[in-house]
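Trainee: Since chain A is already given, all that's left is putting chain B on it; use the hints.
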Amino acid sequence: GQQVMQIPQYQHVQEGEDFTTYCNSSTTLSNIQWYKQRPGGHPVFLIQLVKSGEVKKQKRLTFQFGEAKKNSSLHITATQTTDVGTYFCAGYSSASKIIFGSGTRLSIRP
Amino acid sequence: DTGVSQNPRHKITKRGQNVTFRCDPISEHNRLYWYRQTLGQGPEFLTYFQNEAQLEKSRLLSDRFSAERPKGSFSTLEIQRTEQGDSAMYLCASSFGTSGNTIYFGEGSWLTVV
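Protein sequence lines, in the order shown, are assigned to chains A and B. For the first sequence, my numbering assigns the number 1 to the initial residue and increments by one for each residue that follows. For the second sequence, my numbering assigns the number 1 to the initial residue and increments by one for each residue that follows.
Same shape as in the complex, but just chain A (with noise of 0.2 Å):
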């Protein structure tokens, strides 16, 4: 079956540094969707990409889609605390169910 895998699966960086996470599909993709996961909390949509090597940025967030539509990027420049959590990709496969990744859990020395 379809398979969404996510690496690093830990990021430790010191406050102030860049952080990326790097989102793989075993099939392509309709579109690929990213989720932020507090400690404690639940996933929340943070954006969605659709056409292929599409680039989106929220602040300090860049977003690539990559162009056959079966890779995807999540790039924080600049972190702070209040970006710790555990980031998800997730990708509509044709059966229109989301698959999630396993995640990279960010943390963050102040």
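Note that these hints are calculated values from the structure, not bench results. Keep in mind that a hint or two might mislead.
[Claimed, not checked] One-sided and incomplete, this derived list gives chain B residues near chain A with beta-carbon spacing under 10 Å: (1) Pro8; (2) Ile12; (3) Gln41; (4) Glu44; (5) Ser58; (6) Arg59; (7) Phe65; (8) Thr102; (9) Gly106.
Everything numeric in this text was worked out from a predicted model, so none of it was measured. Glycine is no exception: its CB is placed at the ideal position from the N, C-alpha and C atoms.
Mentor: Chain B alone, transformed into the frame defined by chain A:
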């Protein structure tokens, strides 16, 4: 509050007992999803409804699990004869329209089977 509502938020039960979780989606949302999440893992798809029709069930959903959405509004997820491996957070989410739309998660129902 117009978000997705789940209850109970926490449930501790003895092995072998039945438990039921309820989800109230955002009112105009026609799609409702159930996911399960364990520590350190991403949400795992269990099942989803479009209106009252259950359109897909994961192979993770054993015969002990059943979900309903009788009137196309709220949904229930029942686990019969609970096992310790059922301990997890059960997340409900809803969306409007067709594939590709944003799904909104509830705060989850934590299940601990002792």
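Trainee: What are the numbers of the hints the structure violates, in ascending order?
Mentor: Checked against the structure, the hints that fail are numbers 1, 2, 7, while the rest are satisfied.
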